[in-house]
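Undergrad: This is what each chain is made of:
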Amino acid sequence: MIQCDLLFIFRHSPYGSSLGREGLEAALAAGAFEQNMAILFLDEGVWQLLDNQAAEHIARKNHQKMAKALPLFGIDKLYCSADHLHQRALEAEALAMTCQPLDNSQIKQLMANAKNILSF
Amino acid sequence: MIQCDLLFIFRHSPYGSSLGREGLEAALAAGAFEQNMAILFLDEGVWQLLDNQAAEHIARKNHQKMAKALPLFGIDKLYCSADHLHQRALEAEALAMTCQPLDNSQIKQLMANAKNILSF
Amino acid sequence: MTLHILSQPPSHNAFQSGISHVSEGDVVLLINDGVYGLNQALSGTWPSVARQAVFALEQDSLARGITAEPSALIDYDAFVALTSRHNPIQSWY
Amino acid sequence: MTLHILSQPPSHNAFQSGISHVSEGDVVLLINDGVYGLNQALSGTWPSVARQAVFALEQDSLARGITAEPSALIDYDAFVALTSRHNPIQSWY
Amino acid sequence: MLYSIVINSAPHSLHGGTSYNALQFARALLRNNHRIHRLFFYGEGVYNLNAQAITPQGEFDLAAAWQHFIDDNSIDGVVCIAAAARRGILDDGEAKRHGKAAATLLGASELSGLGQLIEATAVSDRVITFG
Amino acid sequence: MLYSIVINSAPHSLHGGTSYNALQFARALLRNNHRIHRLFFYGEGVYNLNAQAITPQGEFDLAAAWQHFIDDNSIDGVVCIAAAARRGILDDGEAKRHGKAAATLLGASELSGLGQLIEATAVSDRVITFG
Numbered sequence: 001m002i003q004c005d006l007l008f009i010f011r012h013s014p015y016g017s018s019l020g021r022e023g024l025e026a027a028l029a030a031g032a033f034e035q036n037m038a039i040l041f042l043d044e045g046v047w048q049l050l051d052n053q054a055a056e057h058i059a060r061k062n063h064q065k066m067a068k069a070l071p072l073f074g075i076d077k078l079y080c081s082a083d084h085l086h087q088r089a090l091e092a093e094a095l096a097m098t099c100q101p102l103d104n105s106q107i108k109q110l111m112a113n114a115k116n117i118l119s120f
Numbered sequence: 001m002i003q004c005d006l007l008f009i010f011r012h013s014p015y016g017s018s019l020g021r022e023g024l025e026a027a028l029a030a031g032a033f034e035q036n037m038a039i040l041f042l043d044e045g046v047w048q049l050l051d052n053q054a055a056e057h058i059a060r061k062n063h064q065k066m067a068k069a070l071p072l073f074g075i076d077k078l079y080c081s082a083d084h085l086h087q088r089a090l091e092a093e094a095l096a097m098t099c100q101p102l103d104n105s106q107i108k109q110l111m112a113n114a115k116n117i118l119s120f
Numbered sequence: 001m002t003l004h005i006l007s008q009p010p011s012h013n014a015f016q017s018g019i020s021h022v023s024e025g026d027v028v029l030l031i032n033d034g035v036y037g038l039n040q041a042l043s044g045t046w047p048s049v050a051r052q053a054v055f056a057l058e059q060d061s062l063a064r065g066i067t068a069e070p071s072a073l074i075d076y077d078a079f080v081a082l083t084s085r086h087n088p089i090q091s092w093y
Numbered sequence: 001m002t003l004h005i006l007s008q009p010p011s012h013n014a015f016q017s018g019i020s021h022v023s024e025g026d027v028v029l030l031i032n033d034g035v036y037g038l039n040q041a042l043s044g045t046w047p048s049v050a051r052q053a054v055f056a057l058e059q060d061s062l063a064r065g066i067t068a069e070p071s072a073l074i075d076y077d078a079f080v081a082l083t084s085r086h087n088p089i090q091s092w093y
Numbered sequence: 001m002l003y004s005i006v007i008n009s010a011p012h013s014l015h016g017g018t019s020y021n022a023l024q025f026a027r028a029l030l031r032n033n034h035r036i037h038r039l040f041f042y043g044e045g046v047y048n049l050n051a052q053a054i055t056p057q058g059e060f061d062l063a064a065a066w067q068h069f070i071d072d073n074s075i076d077g078v079v080c081i082a083a084a085a086r087r088g089i090l091d092d093g094e095a096k097r098h099g100k101a102a103a104t105l106l107g108a109s110e111l112s113g114l115g116q117l118i119e120a121t122a123v124s125d126r127v128i129t130f131g
Numbered sequence: 001m002l003y004s005i006v007i008n009s010a011p012h013s014l015h016g017g018t019s020y021n022a023l024q025f026a027r028a029l030l031r032n033n034h035r036i037h038r039l040f041f042y043g044e045g046v047y048n049l050n051a052q053a054i055t056p057q058g059e060f061d062l063a064a065a066w067q068h069f070i071d072d073n074s075i076d077g078v079v080c081i082a083a084a085a086r087r088g089i090l091d092d093g094e095a096k097r098h099g100k101a102a103a104t105l106l107g108a109s110e111l112s113g114l115g116q117l118i119e120a121t122a123v124s125d126r127v128i129t130f131g
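Quick note, the sequences are listed as chains A, B, C, D, E and F, same order. Each residue of the first sequence is one higher than the last, beginning at 1 in this note's numbering. Each residue of the second sequence is one higher than the last, beginning at 1 in this note's numbering. Each residue of the third sequence is one higher than the last, beginning at 1 in this note's numbering. Each residue of the fourth sequence is one higher than the last, beginning at 1 in this note's numbering. Each residue of the fifth sequence is one higher than the last, beginning at 1 in this note's numbering. Each residue of the sixth sequence is one higher than the last, beginning at 1 in this note's numbering.
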């Protein structure tokens with residue numbers, strides 16, 4: 001079953017606002033404290049998973065590289081919306097990291113089973 | 001013909017962000033400097049025109065009252081999108097102030113004829 | 001059963017994403033610019049599961065000139081009561 | 001002829017409002033998160049009048065991992081050239 | 001019940017600030033005999049405790065209201081140190097360490113790390129975000 | 001051509017900041033032999049000139065880059081005084097007048113009123129907003 005105590009929901013793009021980076025930093029902190037956690041990428045948040053990001057062109061830290069640190073912090077329950085990938089013509093295989101696409105009812109189940117949600 | 005040198009486009013709601021108020025303050029300043037100007041309310045901006053606002057409930061200045069000062073500054077070319085009113089089930093007659101609804105092609109004409117646009 | 005808090009207006013993707021992720025038994029609370037969606041919700045253009053239990057913060061509605069049937073409008077004490085009865089709490093913004 | 005600058009992603013109402021207000025002869029420039037709309041624009045889901053002349057800022061596209069045919073990607077010098085040839089400039093954000 | 005509140009939005013933001021909602025909700029929690037474990041100010045929310053902000057006469061001073069709420073009720077108000085530094089909200093120690101002119105963090109709260117956010121989610125019955 | 005640029009977005013915003021785009025565009029204007037009549041920092045844009053902001057080592061310091069750009073090219077950089085006061089961006093005079101701890105406005109620019117924005121739209125060939 002798809003279950004976690006602390007669910008992070010990332011809905012924003014990696015560079016368009018501060019939420020992309022600050023959400024990821026909060027998730028890495030939760031990983032360091034060994035929480036039973038998961039991350040769900042929705043809406044523009046799925047762009048965080050895109051491969052071949054080259055943030056040096058806008059003088060920013062590479063979000064993709066930061067996101068790849070998640071498994072090193074023991075964070076391996078990574079989910080995304082299959083619908084939201086599809087709307088953006090993205091394939092799960094083209095993403096920079098392994099992330100399980102969920103359908104709408106699986107997403108609802110994940111949210112319902114969470115003890116707390118932090119949304120960025 | 002619908003024409004102005006300086007066109008203000010207000011696309012944001014009155015209280016949801018700082019853009020509603022700060023846009024209005026910029027427009028009032030332009031009025032004080034007697035510019036040939038107009039204001040176009042689009043998208044969530046049309047909510048700025050709604051009657052019966054009671055901003056004391058959220059400890060804010062009443063946007064409707066500030067907007068009503070526009071004619072006192074000689075700003076009388078006030079337009080809004082007929083489509084965007086309709087999408088929000090708003091009637092031009094129900095608005096707090098006189099504002100001429102324009103269709104999509106009139107809006108395009110207004111923009112094309114402007115010398116400069118300030119967008120909030 | 002989740003409490004969904006919507007603080008952006010209906011034209012915002014946060015609002016649309018929120019109402020598409022409501023489950024049976026969940027509650028939707030509209031605050032801030034989210035209250036602009038109240039009459040749309042009551043008139044039935046939302047998915048039916050999202051319309052089961054919809055409330056709007058009274059103070060935010062009055063401030064914006066939004067009126068609705070009184071039963072849909074709640075104050076901060078009732079907002080607190082909703083959060084004590086529902087978990088988790090998801091803010092769509 | 002107006003230059004329309006779109007800096008929000010396609011799911012944002014600023015983006016949608018922008019492409020619905022493009023006239024014959026106008027140019028659309030995607031910057032920042034607006035570049036996420038580039039392939040959508042090129043593949044033809046936009047209104048045809050909005051698709052006549054669409055460019056995306058190359059640096060913002062590369063940063064995000066968005067690729068497209070080179071002719072659609074422009075640098076800041078070409079951005080400046082667009083602003084000198086078009087007026088007014090409307091930023092949808 | 002034991003609550004924690006995450007405040008992620010600024011008083012004067014482009015995005016649509018719910019920080020006034022957050023304050024009113026926090027007040028209602030105490031009025032209804034709930035307890036607040038922590039207020040965590042993150043992201044743009046750090047601007048809520050900017051000591052330099054000037055509220056025009058006759059308008060509601062949100063920063064002062066936060067300070068009074070935190071002081072009067074002995075609330076644990078934590079401001080994320082990294083988010084605050086980026087945005088120039090510094091306490092005495094940070095200002096001195098970085099050679100900046102002055103402390104800009106309102107007195108009632110303290111700078112600390114993201115561990116305080118994670119701990120809050122682990123021990124609270126309810127966590128609510130205002131973004 | 002004569003340009004004015006309105007900067008309405010903050011470096012670390014929730015909304016989606018284009019302030020880095022604004023800086024790069026301004027640099028490109030001079031590179032292409034256009035002139036800048038004025039940079040007008042309004043709304044959240046006033047945070048671009050926050051002297052207190054600390055950029056982590058190894059990251060791009062946008063505030064410093066604005067300051068150098070304005071100084072090195074003798075640009076007229078104006079920060080809206082009302083928008084800045086609300087957000088705690090003060091020059092020496094404002095800080096003293098309101099009893100605040102310190103000036104927080106970067107030196108290269110000056111506080112002034114909305115008349116400076118309106119004048120800029122009247123005299124410039126092009127006005128471009130970054131929001």
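No lab work stands behind these hints: they were computed from the structure. Watch out, some of these pointers could steer you wrong.
Within a straight-line C-alpha distance of at most 16 Å, the following computed EDC-like cross-link-like pairs (lysine to aspartate or glutamate) qualify [said to hold, decoys possible]:
(1) B/LYS108 - D/ASP77
(2) B/LYS61 - E/ASP71
(3) A/LYS115 - C/ASP26
Computed spacing ranges between beta-carbons, pair by pair [said to hold, decoys possible]:
(4) C/ARG51 - A/HIS57: 26 to 32 Å
(5) B/PHE73 - A/ALA69: 52 to 58 Å
(6) E/GLY115 - A/ILE2: 38 to 44 Å
(7) A/ALA69 - B/ASN52: 49 to 55 Å
(8) D/LEU82 - A/GLU93: 56 to 62 Å
(9) B/SER105 - D/SER84: 34 to 40 Å
Quick partial rundown of chain A residues pointing at chain F, CB under 10 Å, derived from the structure [unchecked claim]:
(10) ARG21
(11) ALA59
(12) HIS86
(13) ARG88
Positions of the beta carbon are idealized from the N, C-alpha and C atoms, including for glycine.
Undergrad: Compare the structure with the hints numbered earlier in the document and write down the numbers of the violated ones, lowest to highest.
TA: 1, 2, 4, 6, 8, 9, 12, 13
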